[in-house]
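Enquirer: So the chains spell out like this:
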Amino acid sequence: MKKEIINGVLVLALIATAGCSSSDKATSGGSMAEQPVTSTGPAIKTGYGFDQWQQGPLGDVFYDFDSADLSPEAEQQLKDNAAWLESNPRNNTTIEGHCDSRGTSEYNIALGDRRSSTAREYLVRLGISPSRMQTVSFGEERPFDSGENEDAWSKNRRAHFIVK
Amino acid sequence: MGASSFLSGCFTIALVPGFLQFPPILKRYGVHMRSMRKAVYGLVLLFLCLVSIPAGLSAAETGEYIAIRKEGSGKIAIVLQKPDARGKRETGWAQNLDTVIHDGLSFTGLFSILPAPLNIFDTTDPKNPVLNFGALNSVGSEIYAGGAVTRQSGAVVLDMTVYETLSARQILKKTYTGSEEQIRSIGQAFCADLVELLTGKKSVFGTRIAFVSSKTGSKELYECDFDGQNVVQMTSSRSISLTPAYSPDGRYIAWTDFTLGRPNLFIRNRADNTSVAASRNGVSIDPGWRNGSEVATTLSFEGDQEIYLVRLDGSIAQRVTRSRGIDVSPTFSPDGSRMAFVSSRNGLPQIFVQEMGSGAVKRLTFSGRYNTQPSWSPLGDKIAYTTWENSGEINIFVIKPDGTGLVKLTSRSRENESPSWSPDGDMIVFTSNRDGRKKIFVMNATGENQRPLLQMDGEQMQPSWSLFRK
Numbered sequence: 001m002k003k004e005i006i007n008g009v010l011v012l013a014l015i016a017t018a019g020c021s022s023s024d025k026a027t028s029g030g031s032m033a034e035q036p037v038t039s040t041g042p043a044i045k046t047g048y049g050f051d052q053w054q055q056g057p058l059g060d061v062f063y064d065f066d067s068a069d070l071s072p073e074a075e076q077q078l079k080d081n082a083a084w085l086e087s088n089p090r091n092n093t094t095i096e097g098h099c100d101s102r103g104t105s106e107y108n109i110a111l112g113d114r115r116s117s118t119a120r121e122y123l124v125r126l127g128i129s130p131s132r133m134q135t136v137s138f139g140e141e142r143p144f145d146s147g148e149n150e151d152a153w154s155k156n157r158r159a160h161f162i163v164k
Numbered sequence: 165m166g167a168s169s170f171l172s173g174c175f176t177i178a179l180v181p182g183f184l185q186f187p188p189i190l191k192r193y194g195v196h197m198r199s200m201r202k203a204v205y206g207l208v209l210l211f212l213c214l215v216s217i218p219a220g221l222s223a224a225e226t227g228e229y230i231a232i233r234k235e236g237s238g239k240i241a242i243v244l245q246k247p248d249a250r251g252k253r254e255t256g257w258a259q260n261l262d263t264v265i266h267d268g269l270s271f272t273g274l275f276s277i278l279p280a281p282l283n284i285f286d287t288t289d290p291k292n293p294v295l296n297f298g299a300l301n302s303v304g305s306e307i308y309a310g311g312a313v314t315r316q317s318g319a320v321v322l323d324m325t326v327y328e329t330l331s332a333r334q335i336l337k338k339t340y341t342g343s344e345e346q347i348r349s350i351g352q353a354f355c356a357d358l359v360e361l362l363t364g365k366k367s368v369f370g371t372r373i374a375f376v377s378s379k380t381g382s383k384e385l386y387e388c389d390f391d392g393q394n395v396v397q398m399t400s401s402r403s404i405s406l407t408p409a410y411s412p413d414g415r416y417i418a419w420t421d422f423t424l425g426r427p428n429l430f431i432r433n434r435a436d437n438t439s440v441a442a443s444r445n446g447v448s449i450d451p452g453w454r455n456g457s458e459v460a461t462t463l464s465f466e467g468d469q470e471i472y473l474v475r476l477d478g479s480i481a482q483r484v485t486r487s488r489g490i491d492v493s494p495t496f497s498p499d500g501s502r503m504a505f506v507s508s509r510n511g512l513p514q515i516f517v518q519e520m521g522s523g524a525v526k527r528l529t530f531s532g533r534y535n536t537q538p539s540w541s542p543l544g545d546k547i548a549y550t551t552w553e554n555s556g557e558i559n560i561f562v563i564k565p566d567g568t569g570l571v572k573l574t575s576r577s578r579e580n581e582s583p584s585w586s587p588d589g590d591m592i593v594f595t596s597n598r599d600g601r602k603k604i605f606v607m608n609a610t611g612e613n614q615r616p617l618l619q620m621d622g623e624q625m626q627p628s629w630s631l632f633r634k
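Keeping their order, the protein sequence lines are chains S and C.
The first sequence begins at 1 in this note's numbering and counts up by one.
The second sequence begins at 165 in this note's numbering and counts up by one.
It should be emphasised that the hints constitute simulated quantities derived from the structure, not laboratory data.
In this text, a Cβ means the ideal position worked out from N, Cα and C, and glycines have one as well.
Hints are not guaranteed to be accurate.
As the list claims (entries may be wrong) - Covered stretches of chain S, as calculated for chain C (at least 3 residues, CB under 8 Å):
id : segment
1  : 99-105
2  : 113-123
3  : 130-141
Unchecked claim - Subject to a maximum C-alpha distance of 20 Å in a straight line, what follows is the list of computed EDC-like cross-link-like pairs (lysine to aspartate or glutamate):
id : chain 1 : residue 1 : chain 2 : residue 2
4  : C       : Lys379    : S       : Glu141
5  : C       : Lys526    : C       : Asp499
6  : C       : Lys603    : S       : Glu86
7  : C       : Lys366    : C       : Asp499
8  : C       : Lys603    : C       : Asp621
9  : S       : Lys164    : S       : Glu121
10 : S       : Lys164    : S       : Glu86
11 : C       : Lys366    : C       : Asp413
12 : C       : Lys603    : S       : Glu141
Working from the sequences, and respecting the hints, build out all of it.
Expert: This is how it looks when you write it as structure tokens:
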């Protein structure tokens, strides 16, 4: 019950920020005013790539249904991620590919693999060494939002960045 | 007042004189010399099978009668008499055996089990009651099975006799011996013999079903008997274990496991429980066996998700698919010459069939926008798969390998997934969340008789039916 409300607030927050340009969102770190308080603590960054499951420094990217193609917002987020990785050469990253719960689990592992790969390939094209980036697909096995609606599904279709 | 009036479907019995014996699976009555010879070989094999069971075959006549069950035909009407027993202990055994046999025959979906008529024995001579075939036939019985349980040197001894009631012909007489703890095996050994005699096909008795369960909080592999009994946990990796697949000979099980941090192919030797992990960059997804010596699986270490054949030691034998996009979920025709698989080469996932020799690929599914999870029947004649429908339901369909004969097996029951065939091709085990959480269900290959396989905590999914007998 409580979680649903929090998710609802989060969705509203996302909708409210949807009009901003993606670069604004990605660089709005530090602003906590509109962030819901969750059990995992307040988010440090807000905007496209950031939410209760991704608080930076690298942001996540999101995908359409059955797609591993990068949207303009996703590409902008990856450019920001590339900039961070360039200025933090000692850190590496693992890119997790995730899918929503729809469709079938075996196919979704392959789809998650494609999602993490397209994100990685884009970063390689931006000059990040492939050796600094590992990928792993979780398919639909580790959803972020357990809801069964488009809001939840859209959050689960992502490449999730972990800094190492 | 024959069987047909009692049954909804039509069921054909071929009563074949001893000198004109047909192979059990022969569906037409036309006989020429070659099929006659095959028939004799088949019967000799059948005899050998029966004789080779340690319990011993105590009488003959086996094989003179073969019931030919038409594809999709009705059920075999059987009167099942609880085995006779004297003594308290024997009576208990008889009760348990009766339950095991009753449950076993019911499970197959092949039988309509009729209550015995009151006058089942003709007691004109009270000292020597004889089976009253007239009474059996009048209740619509086609088959009668009964027997007696005795105790010999502490062991359970079950003597079973089976008659074809219309002709009053004895078609099976056999003795089964074992310990008290083996009562389930004893009863199911009889069920197996009866089903194989009547259908001419290997039965499900003694086979196992592997599956995934989240019972412990993480997805681990389990296996159980064909009827959901005797559940055993097979992995304890506290990671994610997915898509178990028995090798056709039952000696190995292959699956996808995240223990090493990403989805890898694991192959376990069932004899010594040693596992090989085929670890490469990228993923390994959803293994499918080709014969007993090679596993096909999707690997992405070359960049795209392609299907490869992997040897038992984890080394790559051959790359099978070459297309942009996802290729996943391989399943093979029984002779290994053709592979059905899922590909997104045209957009949303559809099922394709590839000739292993020539590499020629044909799209199999044109109905439904999202088709995945193909499973090739062990009989070779059908491929089951799932369609994610516009309604949001996921349903199981079967189709012939040439793309004709599409039949929908599930409907209006939420998400039905991961079909896997029984070794006789008569049943399909699958996952359904129709009652809430994902659970394992079984049904006849016609879609009839859908019911849960087992009760267990957590979710259960991705069942794989073995081909072998324990």
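Enquirer: Please go over all the hints and tell whether each is borne out by the structure.
Expert: Here is how each hint holds up against the structure:
no., hint, verdict
1, 99-105, "holds (count 4)"
2, 113-123, "holds (count 3)"
3, 130-141, "holds (count 6)"
4, C:Lys379 <-> S:Glu141, "holds (15 Å)"
5, C:Lys526 <-> C:Asp499, "holds (18 Å)"
6, C:Lys603 <-> S:Glu86, "violated (48 Å)"
7, C:Lys366 <-> C:Asp499, "holds (17 Å)"
8, C:Lys603 <-> C:Asp621, "holds (10 Å)"
9, S:Lys164 <-> S:Glu121, "holds (19 Å)"
10, S:Lys164 <-> S:Glu86, "holds (14 Å)"
11, C:Lys366 <-> C:Asp413, "holds (14 Å)"
12, C:Lys603 <-> S:Glu141, "holds (17 Å)"
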